[in-house]
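**Q** So you can see what is in the structure, the chains are spelled out below.
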Amino acid sequence: MPSAFILVPFFLLIILNLPFKFLKGESAFWLFAALLLAQLFLSALCPLDTPGARPDPLAPFFAFGLSIDSLSRLLLFSIAIVVFTSLSVSRYSIKGQTQRFNFINLVLIMLIGMNATVIVTDLFSLYLFIEVTAVASFILISIEKEKFAIEGAFKYLFLSAIATVFMLSSIALFLLLSGNTSFAAIAGTFKNSADNFLLKLATGLFLCALFIKSGIFPFHGWLPDAHSSCPTPVSVLLSGIAVKACGIYVLVRLAISVFILSIDAKNVLMFIGACSIVFGALACLTQSNFKRLLAYSTISQLGYIVLALGCFTPLALTGALFHLFNHAVFKSLLFVNAGAVEKQAGTIDMDKMGGLAKQMPFTATTSAIASLSAAGLPPLSGFWSKLIIILALWNSGRIFYAGVALLSSVLTLAYLLSLQRKVFFGRLEDSLKYIREAPLVIVFPEVLLAIITVAAGLGFAFMLRWF
Amino acid sequence: MTVRLIRSIVGLALTSVALSALMYRLGSPLAAVFELSVCAGLMSVIFITTVSFTARVSKERLSVRRRERFMKFWYLPFLVIASGLLLSRYLRIPQFKIPAPSGAQDVRNVLWNLRHVDLFGQIVMLLAGAFGVVVLFKEPKE
Numbered sequence: 001m002p003s004a005f006i007l008v009p010f011f012l013l014i015i016l017n018l019p020f021k022f023l024k025g026e027s028a029f030w031l032f033a034a035l036l037l038a039q040l041f042l043s044a045l046c047p048l049d050t051p052g053a054r055p056d057p058l059a060p061f062f063a064f065g066l067s068i069d070s071l072s073r074l075l076l077f078s079i080a081i082v083v084f085t086s087l088s089v090s091r092y093s094i095k096g097q098t099q100r101f102n103f104i105n106l107v108l109i110m111l112i113g114m115n116a117t118v119i120v121t122d123l124f125s126l127y128l129f130i131e132v133t134a135v136a137s138f139i140l141i142s143i144e145k146e147k148f149a150i151e152g153a154f155k156y157l158f159l160s161a162i163a164t165v166f167m168l169s170s171i172a173l174f175l176l177l178s179g180n181t182s183f184a185a186i187a188g189t190f191k192n193s194a195d196n197f198l199l200k201l202a203t204g205l206f207l208c209a210l211f212i213k214s215g216i217f218p219f220h221g222w223l224p225d226a227h228s229s230c231p232t233p234v235s236v237l238l239s240g241i242a243v244k245a246c247g248i249y250v251l252v253r254l255a256i257s258v259f260i261l262s263i264d265a266k267n268v269l270m271f272i273g274a275c276s277i278v279f280g281a282l283a284c285l286t287q288s289n290f291k292r293l294l295a296y297s298t299i300s301q302l303g304y305i306v307l308a309l310g311c312f313t314p315l316a317l318t319g320a321l322f323h324l325f326n327h328a329v330f331k332s333l334l335f336v337n338a339g340a341v342e343k344q345a346g347t348i349d350m351d352k353m354g355g356l357a358k359q360m361p362f363t364a365t366t367s368a369i370a371s372l373s374a375a376g377l378p379p380l381s382g383f384w385s386k387l388i389i390i391l392a393l394w395n396s397g398r399i400f401y402a403g404v405a406l407l408s409s410v411l412t413l414a415y416l417l418s419l420q421r422k423v424f425f426g427r428l429e430d431s432l433k434y435i436r437e438a439p440l441v442i443v444f445p446e447v448l449l450a451i452i453t454v455a456a457g458l459g460f461a462f463m464l465r466w467f
Numbered sequence: 001m002t003v004r005l006i007r008s009i010v011g012l013a014l015t016s017v018a019l020s021a022l023m024y025r026l027g028s029p030l031a032a033v034f035e036l037s038v039c040a041g042l043m044s045v046i047f048i049t050t051v052s053f054t055a056r057v058s059k060e061r062l063s064v065r066r067r068e069r070f071m072k073f074w075y076l077p078f079l080v081i082a083s084g085l086l087l088s089r090y091l092r093i094p095q096f097k098i099p100a101p102s103g104a105q106d107v108r109n110v111l112w113n114l115r116h117v118d119l120f121g122q123i124v125m126l127l128a129g130a131f132g133v134v135v136l137f138k139e140p141k142e
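Residue numbers (our numbering), protein chains in the order written: chain A, 1 to 467; chain B, 1 to 142.
Mixed in with the good hints there might be a few duds.
Stated by the list, open to error - The calculated lysine-lysine pairs, modelled on DSSO-like cross-linking and capped at a C-alpha distance of 30 Å, are:
hint, chain 1, residue 1, chain 2, residue 2
1, B, Lys138, A, Lys343
2, B, Lys138, A, Lys24
3, B, Lys72, A, Lys155
4, A, Lys433, A, Lys352
5, B, Lys59, A, Lys155
6, A, Lys147, B, Lys72
7, A, Lys145, B, Lys138
8, B, Lys138, A, Lys147
9, A, Lys147, B, Lys59
10, A, Lys21, B, Lys138
Unchecked claim - Interface residues of chain A toward chain B, partial, derived using beta-carbon atoms under 8 Å:
hint, residue
11, Leu13
12, Ile109
13, Phe124
14, Ser125
15, Val135
16, Ser142
17, Ile143
Please keep in mind that the hints were generated in silico from the structure rather than gathered at the bench.
Glycine residues also receive a C-beta, built at the ideal position from the N, C-alpha and C atoms.
Hey, can you work out the whole structure from these sequences and the hints?
**A** Encoded structure:
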C-alpha cells in the first residue's frame, strides 16, 4: 500500500506522456484530479504500519522500505488537499493547454517527491526526494519565465544548494557513525552515544539545512521572493504544502523518531521559532503586495510549529501537527483568494484596491474565514491549534514563549484585518467597478477550503483522535 | 563571458577527475568510473554545448566587470586567511574516535539490491530535469 502513493503518480506521468493527443488536453486534468481524490480517501482510511498489519502487496516487486504511520497519514491527506486546490486553480491562472500540461507533469513529479518524503524510512532517500521536490519547485516558480519569478527561483536554488551541502555532509557523518542511513540505525547510534561530537555536528548541520528548506528566520531570504512572484497555483503548492512536507515535517519526524535532541537544541528550536513568529508578523505589517504579505505570514505561522516542537511535550507536538494541517488549509485558501483578486482586479497592490467585497462576495467571505482562522479566533481550526500550543508552553513553564505566541496572535489579527480592510472593505475604486467574482474553478476550491477550515474547528476532537 | 564560463567548466571537469582519483585510492573503483564518465565527461559536454548557445560579451565589458568585482571583494582572501589563523590558534577541536568501517559491500549489490527507492528517485529526478529543459528552453509554437 505505501508504494502505491509513489508508483501510481509515476505511472500516470508515464501514461500522460505517451504519444497520444487526447492525453494532453482535459484528460490529463481529470486523471490527475481522480488520482488526488483517491489519495485523499486512501490516506484517511489506509491501515497504519503497526505490528501484525498486512504487508505491502507490492513488497515482492518493489522493495522500497516505506512505512505509513499517523504522522505520514496526516501529511498525505494535507498533500492531496493542497495539490487538488493548486490543480483546480491552474485551469484559471495558467493560460494555454501546453503550459497547463507542463504544469501537470511538474506537479506530478512534485507529488511523487512529497509523498515519498513522508513515507521513506531512510535518511539518504529522504534527502533524494526532498531534492526531487525542490527541482520541480524551481521549474514551477519560473514556468512563465517572468523576470521576478526567475529571480525568486534563483534565490531559492542558491540557498537550497547550501542546504544540500549541509544535508549531504550530515548524511556522510551519520553513515560514518552508524554504518547505515536508515532511521532505525541512526536512532540506535543516538541511544548508544548521544554525546559524540560528530553526532552533534551532524545533527546541527541537518537542522540548519531544514531551517533553510522551511524558510524559518533567519534562513528565510528566498521565501518571500519565490512565493510571491510565481503563478498563484505554484504559490499555493509552495506555501501550502512544499515547505511543510520538505522542511517542517522532516524536522518533526527526525526530532520524534530519530534524533535525541538535547535541552540546548530544544531551546534553540524554541528561540528560532519565537523569532520567526515575531519577525514574520512585523514584516507583514509593512507589506502592500498581497502575496508578499502572505509569504511573510507563512514564515510567522511556521514559527509556531517550530516553537511547539522545541517545547517537545505530547501536548505541544499535538498542537504543532494540528497547526501544520490548519496552515496548509488556510494559507492555500488565502493564496487562492490572492490569485482571484489579482486576475480579476489586474493588480496585486493592496493600496490600489478597496471595496471588493460586493464585487467578489465568495472570495471576500472565504478570505475572512481564512484570516480569522490564521489569527486564532474561535471556533475556527486555527484557534484550537494555537490554543493547544500556548497551553503546552504554559504547562511546561515556558511562560515567556507562551506570552510571545499569544501577543503575536494579536499581531497576526492586526495585519490580516488590515489586509481585509484594504482589499475587500472601504471605498470601491472607480477602475474596479466592473470586475466580477472569479469563475467556478476558483470559487469551488475557495468554498471547499473554507468548509474544511470551519469543519476542522468544529470537529477538532475528531481530527485529533483520527490522526 | 563565454571564455570565463568555459574555464569554469574545465575547472569543474578537473575537480571531478581529482575526485575520481581519490575514490580509486580509497578503494571504490566503480564509484570512480561513474564520477569520471558522468561528471567529468558527460556533464562537461552538456555544459559546453549549452554555453555555445550563449552570446559573447565584449572585452571592454569583461574588463569593467573584473574591475567591479575586484573593488567589491578584494579583502576576502585576507579575511579567509586571517580567520583561519585565528581559528587554528584559539579553537580546540576535541579528540574523537572515528569508528572503523563495517565490512565492505559491493557497490553493485548496494545499488541494485538494497537501494531500490533511491534508483526510483534517480529516475524521477532525471524526468524532472527533462521536463525542466522542455518547459524553460523550448520555444512555444507560433
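**Q** Taking the hints in turn, state whether each one holds.
**A** Hints, verified against the model:
At most 30 Å may separate the alpha-carbon atoms for a hinted pair to count; Lys138 (chain B) and Lys343 (chain A) meet this at roughly 26 Å. Straight-line distance between C-alpha atoms of Lys138 (chain B) and Lys24 (chain A) comes to about 17 Å, which keeps the hinted pair within the 30 Å bound. About 20 Å separates the Cα atoms of Lys72 (chain B) and Lys155 (chain A), which keeps this hinted pair within 30 Å; it holds. Straight-line distance between C-alpha atoms of Lys433 (chain A) and Lys352 (chain A) comes to about 13 Å, which keeps the hinted pair within the 30 Å bound.
A distance of roughly 29 Å separates the Cα atoms of Lys59 (chain B) and Lys155 (chain A); the hinted pair therefore holds under the 30 Å criterion. With a C-alpha separation of about 25 Å, the suggested pairing of Lys147 (chain A) with Lys72 (chain B) holds against the 30 Å cut-off. Proximity of Lys145 (chain A) to Lys138 (chain B) is assessed by CA-CA distance (about 12 Å); at most 30 Å being required, the pair is judged to hold. With a C-alpha separation of about 17 Å, the suggested pair Lys138 (chain B) and Lys147 (chain A) falls inside the 30 Å cut-off, and the hint holds.
Taking the CA atoms of Lys147 (chain A) and Lys59 (chain B), the gap is about 27 Å. The hint holds against a cut of 30 Å. Of the pairs offered as hints, the one joining Lys21 (chain A) and Lys138 (chain B) holds, with about 19 Å between alpha carbons and a cut-off of 30 Å not exceeded. Taking 8 Å as the C-beta cut-off, the interface hint given for Leu13 (chain A) holds, the closest approach to chain B being about 7 Å. Interface hint at Ile109 (chain A): satisfied, since its Cβ lies 5 Å from the closest Cβ of chain B, which is below the 8 Å cut-off.
Evaluation of the Phe124 (chain A) hint against chain B yields a held restraint, the C-beta minimum of about 7 Å falling below 8 Å. Because the closest C-beta pair between Ser125 (chain A) and chain B is about 5 Å apart, less than 8 Å, the hint holds. At a threshold of 8 Å, the smallest CB-CB gap from Val135 (chain A) to chain B is about 5 Å, leaving the interface hint in force. With a least beta-carbon distance of about 7 Å to chain B, the hint placing Ser142 (chain A) at the interface is held under the 8 Å criterion.
A distance limit of 8 Å between C-beta atoms decides the matter here; for Ile143 (chain A) the minimum to chain B is near 6 Å, and the interface restraint holds.
Checked against the numbered hints given earlier, the structure satisfies every one of them.
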